[in-house]
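J.: Given the coordinates of chain D, work out where chain S should sit on it, guided by the hints.
Number of protein chains: 2
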Amino acid sequence: MSYHSVKLIKRPELEITEDIFNIVTQDIPTPAEGEVLVKLSHLSLDPAMRGWMSADENSYIAPVKLGDTMRASGIGEVVKSNNERFPVGARVMGLMGLTEYAISDGNGLNVIPKELPAEAILSVIALPGITAYHGVFEVLKPEAGQTLIVTAAAGSVGSLVGQMAKNLGLTVVGVAGSDEKCQWLTKELGFDHAINYKDADFVEQLTQATPNGIDLFFENTGGLAQGPIFERMNPHGRIAVCGLIADYQKAEPAPGPSWVGIIKRRLTIQGFTMPDHFHRIPEYGQALGAMLGKGELKYRAHVIEGIENATSGINLLFDGKNTGKLIVKL
Amino acid sequence: MSYHSVKLIKRPELEITEDIFNIVTQDIPTPAEGEVLVKLSHLSLDPAMRGWMSADENSYIAPVKLGDTMRASGIGEVVKSNNERFPVGARVMGLMGLTEYAISDGNGLNVIPKELPAEAILSVIALPGITAYHGVFEVLKPEAGQTLIVTAAAGSVGSLVGQMAKNLGLTVVGVAGSDEKCQWLTKELGFDHAINYKDADFVEQLTQATPNGIDLFFENTGGLAQGPIFERMNPHGRIAVCGLIADYQKAEPAPGPSWVGIIKRRLTIQGFTMPDHFHRIPEYGQALGAMLGKGELKYRAHVIEGIENATSGINLLFDGKNTGKLIVKL
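Protein sequence lines, in the order shown, are assigned to chains D and S. According to the numbering used here, the first sequence is numbered sequentially starting from 1. According to the numbering used here, the second sequence is numbered sequentially starting from 1001.
In isolation and in its complexed conformation, chain D is listed as follows (with noise of 0.2 Å):
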């Protein structure tokens, strides 16, 4: 029997094109002893995959390599197992890249409950999840009655965010590059204000909606809305700087804001990445996994089908296209 799956074959030069890729078929594997096979049913879609094809050695994650599969986090189900902690029929999560089969040797492999959808899954307790988790309770460590700025506020990460920081009491703002992604903030997902930043009057927007300033900036995107979030920093103010969406596939990132401003405003900036706290994820699901419980937590999943389409499905991320977290289905 065999399988489908995605190698990545070149480096993308600024936007990911087809030609990078190379969908393989392939006999399906056999576990070695401590290994066990996984069917992958969902794939998981994320920004940060721009930046593991890419061929810098110096980021947080060495780069995928040439002739490997892609790397992605996905869902499936032990169909082989010769390790006792993945039994057949167990459902695991875990950076198993884009294909259809999967062979892990329980590294970074975590066994998750049946009964959720595997959209909650991959949209709130997989990266996503974990990432929001990570970026407000260790690095912005908001307080009731704070503001908190989100971009790309719409996005999967973004929009936990902003309901993490509602849910302790914080006034949010969320900005996003539609209108629709907006009124989804504000009616549906209870952000005090959501803003276009796409809007003529952004920076006059963004001051109505921070009439006390701001404290907290969760940064995922980057772009013109930085320069303007970061003028209203207030003294002693915190930025987790999560992604920068808008430069992952520019050829020279733009540069950031004058640090003269930072040292006026003591601001504290941070960058992170979630592969430094992975050894967490056990204790930040279940944190998920209660809040999920508890309804504090929407979310919208953006399904595609089939792994034909995972390729270009990644460029929805970056076009701002995509309604929801992006999941392909197999």
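The set of hints was computed from the structure by calculation and includes no laboratory data. Treat the hints with care, as some may be off.
Simulated pairs of lysine-lysine, DSS-like, Cα-Cα distance not exceeding 30 Å [unchecked claim]:
no., chain 1, residue 1, chain 2, residue 2
1, D, Lys10, S, Lys1264
2, S, Lys1321, S, Lys1166
3, S, Lys1321, S, Lys1010
4, S, Lys1141, D, Lys141
The model shown is predicted, which means the values in this text are computed figures rather than measured ones.
T.: Only chain S this time, still in chain D's reference frame:
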């Protein structure tokens, strides 16, 4: 009897020019209940004064009001006292301004020992010392074996930062603006390397001086050195942003590095200014006094005579022409 003081009468446009000050002669006042009269002996000229002159209400400390005595720290002797905490004859230090005499209600005033030379106090225990101490111990939190780089390394703050780090067992690289300063850093202060940022091969020298990258960056200048240093930061590196003297006299400060590097290297960048931490002066002063007593901190003072030379003296800081802590002896 009369005395002289320097009033700020205009905001500087870019550079500090003589016409923004007025030296006035006034009668020596009498302290009211709870107040003391201090006869200043030494005034401190610091880069922070540039910020205090400008109109930016959003900065960390209110600007000096037009017509008021220019803010500056200094040392003096209590000559009349209606405050039992500061008896006549006590030697005191505080933000008393560019003046020969000052009235103080004791707020922010600290009694200092009479044994130490005024140059040692203003160079090591006053603003430069507490700034270096706070930045090193509270912001950068160095560990033996790490590599620390400091800009304006021959300046009053930078020279102390580097010595503290050397005493803690770090590899220390200083960046300064002349070969003479660089020699002082390596030959007299024990820095491992010192690099003149004006050298054409600055980036090459920097690379050679930091074979293991840079863990900690104490930023005093901004300017040309910032980008190349940022590029050599190690994962989880920390940056203390203390000053940007290269930018203070520009109409538009230079942009900072792209935040992509903040994510990839999971950097923490923290701005700080000392007025937030003035309540810790007694604690820091004691620690600095102990270091000084053990001969762990060398310094050099650049002494100007007479209050009438204070205003032109400030510009030595911005030209990089001072050779040590800039002090006005009255």
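J.: Assess, step by step, whether the Cα of lysine 1321(S) is no farther than 30 Å from the Cα of lysine 1010(S), and give holds or violated.
T.: holds, 25 Å
J.: Decide if the proposed pair is consistent with the structure: lysine 10(D) and lysine 1264(S), CA atoms, cutoff 30 Å inclusive.
T.: Given pair lysine 10(D), lysine 1264(S) holds - Cα atoms ~21 Å apart, limit 30 Å.
J.: Checking one constraint from the list: CA of lysine 1141(S) to CA of lysine 141(D), max 30 Å. Satisfied?
T.: Satisfied, since the Cα-Cα distance of roughly 20 Å is no more than 30 Å.
J.: Need the status of pair lysine 1321(S), lysine 1166(S): alpha-carbon distance at most 30 Å?
T.: Since the Cα atoms of lysine 1321(S) and lysine 1166(S) sit roughly 26 Å apart, the hinted pair holds (cutoff 30 Å).
In terms of the numbered hints stated before, the structure departs from none.
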